[in-house]
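So the protein lines, in turn, are chains A, B and C.
Under our numbering, think of the first position of the first sequence as 1, with each following residue one higher.
Under our numbering, think of the first position of the second sequence as 1, with each following residue one higher.
Under our numbering, think of the first position of the third sequence as 1, with each following residue one higher.
Treat each hint with caution, since some may be false.
Since the list can't tell identical chains apart, any single copy or any two copies may satisfy a pair.
[Said to hold, decoys possible] Derived SDA-like pairs (lysine to any residue); straight-line CA-CA distance at most 20 Å:
1) Lys92 x Thr179
2) Lys92 x Gly161
3) Lys330 x Ser43
4) Lys97 x Ser61
5) Lys157 x Arg22
6) Lys214 x Arg185
7) Lys175 x Glu251
8) Lys175 x Glu208
What the hints contain is simulated information worked out from the structure, not anything from laboratory work.
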Amino acid sequence: MGDTTNLNFAGSHILSIDQFQREDILKIFSTADMMEPYAARQSQTRVLEGAILGNMFFESSTRTRISFGAAFNLLGGEVRETSGFESSAIVKGESLKDTARVLSGYSDIICMRHPTEGSVAEFASASRVPVVNGGDGHNEHPTQALLDLYTIQRELKGSGGNLDSFRIAMIGDLKFGRTVHSLARLLCLFDPSRIVLVSPQELSMPGELVEALKAAGHEVVETDQLNEGISGVDIVYSTRIQEERFPSAEEADLYRGKFRLNQAIYTENCQPNTVIMHPLPRDSRAEANELDSDLDSNPNLAIFRQADNGVLVRMALFALIFDVVHLVDKHASELPWRSTRHNI
Amino acid sequence: MGDTTNLNFAGSHILSIDQFQREDILKIFSTADMMEPYAARQSQTRVLEGAILGNMFFESSTRTRISFGAAFNLLGGEVRETSGFESSAIVKGESLKDTARVLSGYSDIICMRHPTEGSVAEFASASRVPVVNGGDGHNEHPTQALLDLYTIQRELKGSGGNLDSFRIAMIGDLKFGRTVHSLARLLCLFDPSRIVLVSPQELSMPGELVEALKAAGHEVVETDQLNEGISGVDIVYSTRIQEERFPSAEEADLYRGKFRLNQAIYTENCQPNTVIMHPLPRDSRAEANELDSDLDSNPNLAIFRQADNGVLVRMALFALIFDVVHLVDKHASELPWRSTRHNI
Amino acid sequence: MGDTTNLNFAGSHILSIDQFQREDILKIFSTADMMEPYAARQSQTRVLEGAILGNMFFESSTRTRISFGAAFNLLGGEVRETSGFESSAIVKGESLKDTARVLSGYSDIICMRHPTEGSVAEFASASRVPVVNGGDGHNEHPTQALLDLYTIQRELKGSGGNLDSFRIAMIGDLKFGRTVHSLARLLCLFDPSRIVLVSPQELSMPGELVEALKAAGHEVVETDQLNEGISGVDIVYSTRIQEERFPSAEEADLYRGKFRLNQAIYTENCQPNTVIMHPLPRDSRAEANELDSDLDSNPNLAIFRQADNGVLVRMALFALIFDVVHLVDKHASELPWRSTRHNI
Numbered sequence: 001m002g003d004t005t006n007l008n009f010a011g012s013h014i015l016s017i018d019q020f021q022r023e024d025i026l027k028i029f030s031t032a033d034m035m036e037p038y039a040a041r042q043s044q045t046r047v048l049e050g051a052i053l054g055n056m057f058f059e060s061s062t063r064t065r066i067s068f069g070a071a072f073n074l075l076g077g078e079v080r081e082t083s084g085f086e087s088s089a090i091v092k093g094e095s096l097k098d099t100a101r102v103l104s105g106y107s108d109i110i111c112m113r114h115p116t117e118g119s120v121a122e123f124a125s126a127s128r129v130p131v132v133n134g135g136d137g138h139n140e141h142p143t144q145a146l147l148d149l150y151t152i153q154r155e156l157k158g159s160g161g162n163l164d165s166f167r168i169a170m171i172g173d174l175k176f177g178r179t180v181h182s183l184a185r186l187l188c189l190f191d192p193s194r195i196v197l198v199s200p201q202e203l204s205m206p207g208e209l210v211e212a213l214k215a216a217g218h219e220v221v222e223t224d225q226l227n228e229g230i231s232g233v234d235i236v237y238s239t240r241i242q243e244e245r246f247p248s249a250e251e252a253d254l255y256r257g258k259f260r261l262n263q264a265i266y267t268e269n270c271q272p273n274t275v276i277m278h279p280l281p282r283d284s285r286a287e288a289n290e291l292d293s294d295l296d297s298n299p300n301l302a303i304f305r306q307a308d309n310g311v312l313v314r315m316a317l318f319a320l321i322f323d324v325v326h327l328v329d330k331h332a333s334e335l336p337w338r339s340t341r342h343n344i
Numbered sequence: 001m002g003d004t005t006n007l008n009f010a011g012s013h014i015l016s017i018d019q020f021q022r023e024d025i026l027k028i029f030s031t032a033d034m035m036e037p038y039a040a041r042q043s044q045t046r047v048l049e050g051a052i053l054g055n056m057f058f059e060s061s062t063r064t065r066i067s068f069g070a071a072f073n074l075l076g077g078e079v080r081e082t083s084g085f086e087s088s089a090i091v092k093g094e095s096l097k098d099t100a101r102v103l104s105g106y107s108d109i110i111c112m113r114h115p116t117e118g119s120v121a122e123f124a125s126a127s128r129v130p131v132v133n134g135g136d137g138h139n140e141h142p143t144q145a146l147l148d149l150y151t152i153q154r155e156l157k158g159s160g161g162n163l164d165s166f167r168i169a170m171i172g173d174l175k176f177g178r179t180v181h182s183l184a185r186l187l188c189l190f191d192p193s194r195i196v197l198v199s200p201q202e203l204s205m206p207g208e209l210v211e212a213l214k215a216a217g218h219e220v221v222e223t224d225q226l227n228e229g230i231s232g233v234d235i236v237y238s239t240r241i242q243e244e245r246f247p248s249a250e251e252a253d254l255y256r257g258k259f260r261l262n263q264a265i266y267t268e269n270c271q272p273n274t275v276i277m278h279p280l281p282r283d284s285r286a287e288a289n290e291l292d293s294d295l296d297s298n299p300n301l302a303i304f305r306q307a308d309n310g311v312l313v314r315m316a317l318f319a320l321i322f323d324v325v326h327l328v329d330k331h332a333s334e335l336p337w338r339s340t341r342h343n344i
Numbered sequence: 001m002g003d004t005t006n007l008n009f010a011g012s013h014i015l016s017i018d019q020f021q022r023e024d025i026l027k028i029f030s031t032a033d034m035m036e037p038y039a040a041r042q043s044q045t046r047v048l049e050g051a052i053l054g055n056m057f058f059e060s061s062t063r064t065r066i067s068f069g070a071a072f073n074l075l076g077g078e079v080r081e082t083s084g085f086e087s088s089a090i091v092k093g094e095s096l097k098d099t100a101r102v103l104s105g106y107s108d109i110i111c112m113r114h115p116t117e118g119s120v121a122e123f124a125s126a127s128r129v130p131v132v133n134g135g136d137g138h139n140e141h142p143t144q145a146l147l148d149l150y151t152i153q154r155e156l157k158g159s160g161g162n163l164d165s166f167r168i169a170m171i172g173d174l175k176f177g178r179t180v181h182s183l184a185r186l187l188c189l190f191d192p193s194r195i196v197l198v199s200p201q202e203l204s205m206p207g208e209l210v211e212a213l214k215a216a217g218h219e220v221v222e223t224d225q226l227n228e229g230i231s232g233v234d235i236v237y238s239t240r241i242q243e244e245r246f247p248s249a250e251e252a253d254l255y256r257g258k259f260r261l262n263q264a265i266y267t268e269n270c271q272p273n274t275v276i277m278h279p280l281p282r283d284s285r286a287e288a289n290e291l292d293s294d295l296d297s298n299p300n301l302a303i304f305r306q307a308d309n310g311v312l313v314r315m316a317l318f319a320l321i322f323d324v325v326h327l328v329d330k331h332a333s334e335l336p337w338r339s340t341r342h343n344i
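The following block holds chain A by itself, in its conformation from the complex (with noise of 0.2 Å):
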């Protein structure tokens, strides 16, 4: 923890938060800070024209293809894409090193998803540019668990607290959601005084990774009663539970909607401020064990702020892999039009 080793990013893959130590997180996380201006449209940076994203999702994930082609947009940069298996390629049995030493000629960075563990960074070992992994099933999304800790720490701001002193609660399938996991991982490196983990017993989070939030510190109270989990935390990050996890029907059935955080629940149990996460996107059907749509006017809902900042984060990865934060503001200028957007 708090080892000074950083990443060389320039040039380099982008393929699990393990290669990343506290230093390089916190670097991240101010470039991203930089990148405000642009990402609200107050001005623009061209410090990436002439450069070329080839934004290779061979799965399909709208939203996180989006905001990789936006963010690098926002650079300056442009964007070739693909959004889904349309080639036939590897059918044809053309190994993936093979297909990204081609794709690799196309373009200057590559994000790529595809549905299997593994495989990007395979395809990474072949590439001939950077490659960021945008998901490879159920093993990492990265620039996801970036995502997730940039947004505690700017919610924590508001209230003077930070990565370093708060308390959160993670609430749902702990046993196999990829997003928790990531980001257990990355609180190890950091010391929030309090980690509640709340979940059916048969989703709870994975050992291992308990051992390792305790080895680093920290204090872990695990439980399946929302209510009492959500007491006294800065943070609730709350996740989805599919029902076919459960083992059986009946398990499913005992624990419908327990996980589920309405307004009502949220008044009784939370502090007045505790901020609302979720990795999106959330199951607004009655029955789902998420959080409910009357929690939409609440201020600390920082769901949708959550989603804004992953642009903020990608274009912070983008300006370290290129090498240009020193040169983004330099290539800045003003914009013809005036944005009308809002956030929220």
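Based on the hints, put chains B and C in the right spot on chain A.
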């Protein structure tokens, strides 16, 4: 009619033609005229440099999607897009409002097509950026209606006519056809001297629309005879008749080919300068109730100019929504290359 | 041969390699050489700023589509595209000419791929902008043929060879393979000293093409022995053999793996600098009749340089069609960032 209440376009959604007054429409058309040198590649403007269009086509429509995207590019902006239901977010129970709040964080304006009536308005209600309806099921497709009326205005100019003094025949399925309904509603804001509705009796224009046209002071004639209907008009607006719309196969047989316009019928019944329009695509198969391809060399066949005009109208809407109409020429510059594109 | 009739590229369609004379091809290749600093990101050019490519892929082909799009971006232009039959317009009976007249209103040039032979030429006949054939079924894929020949020229340069003095072996399915047919036809415009055709007898080169090669003055050798075929040549051009092409399963069994080149066979039979080419994708599965991955570290394996050259050739064609070859360098400027891309 002739109401002077002017819509404030800046930052507005474009969801329905019903939001427009006569003056709004004339403003769109005069702005579209201004766009012509840029669409014709006589010079370029970069007035929307740094802006991103989210071209969200949740239902496929290649030409409408490309037309919106090209219009935005011609103003100097970038386009991020989706072209079909690739995402599983909706399957996972996400509300359209959540989708809107997330996607509207990635762009400065959204053009959206969706198979469900009312979906675009619902999306717009939660969007943080202006939304332009690119078609929501059987409900609305306002830019198609605008480009149709704009085409009529332009085509009439040659013969000294205008939107307050002309005669039009609308042909085909007037019961279910979205484009003829929209056009009829727009015509209520102007004063054409004669409107002829040519259709099988089972597919005639809904009574309320006929009444609205009459209430607006128009002379309305209904007939199921093509030859009679197209004589003495300035504009023939032909549309598709889908056979499955007929109440029975016998009815369909009865009318097959009866509303197909070809050069011989045109020569026999139309005035020399009668303009032929169609929303496209037209069915070019021999048995279709549409426009015969022997009309292709007729200089009054305006169907491709009509499609071209869509780019002008969409550029105009973008310029009005971004409130940059007065800046378009200011940000103009010479093109480094010369277009070999020829118009028709 | 050696005809000096020069195609006037400006505003022309590129539909078939048969439209080129020897001088045209040399012009394309010298233009492609000029593009190298831009493709290598040593600087950028904005010569096609304001131009829009309509990248109309009615049949999926990720790499060809991205290669065209990247080439256009590298010249400063924008890309609007479609990547598969998403539209129902054709289902509704629209003619390809109508589609062409509409779509050609949205862009300044169109690259098109379509599964039907002759479809791109038919489309081009009604297009108002130049059309480049990106593959029309089994018929033509002229930019692939050009990049193949361009690669031969570049690879030969190292050893002092040129297109009028070299020896080549073409291997695989020479009966149905579109790429080898196109390459053979292009070779008729030059004077290679020896052409070896290596294939199963059932999949040998069509007689008319063999005759054309001989009529052009080439020495042509036909064999079904790989080892013999690849000895003493400068270029080995390997292609896929699809098992379903054999007249019977027994034939397929007989030849399985017999045309697979690996490092051991290469070392034993080839000269030290024999260049290995393949149109890609290659089948990397063990039983395939193609290139073994143990050749990947062989510096003479040119298959990825070949794919890279596709960008140069496509940039060259765009510059020639837009008639801006003399302006490319004039509109060059420094890139704000430095590429970390490495070539192979």
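Now the hints, each set against the structure:
| no. | hint | verdict |
| --- | --- | --- |
| 1 | Lys92 x Thr179 | between (34 Å within a copy, 17 Å between copies) |
| 2 | Lys92 x Gly161 | neither (54 Å within a copy, 34 Å between copies) |
| 3 | Lys330 x Ser43 | both (12 Å within a copy, 18 Å between copies) |
| 4 | Lys97 x Ser61 | between (23 Å within a copy, 18 Å between copies) |
| 5 | Lys157 x Arg22 | within (18 Å within a copy, 51 Å between copies) |
| 6 | Lys214 x Arg185 | within (11 Å within a copy, 68 Å between copies) |
| 7 | Lys175 x Glu251 | within (15 Å within a copy, 53 Å between copies) |
| 8 | Lys175 x Glu208 | within (11 Å within a copy, 59 Å between copies) |
Going down the numbered hints, you'll see the structure goes against just number 2.
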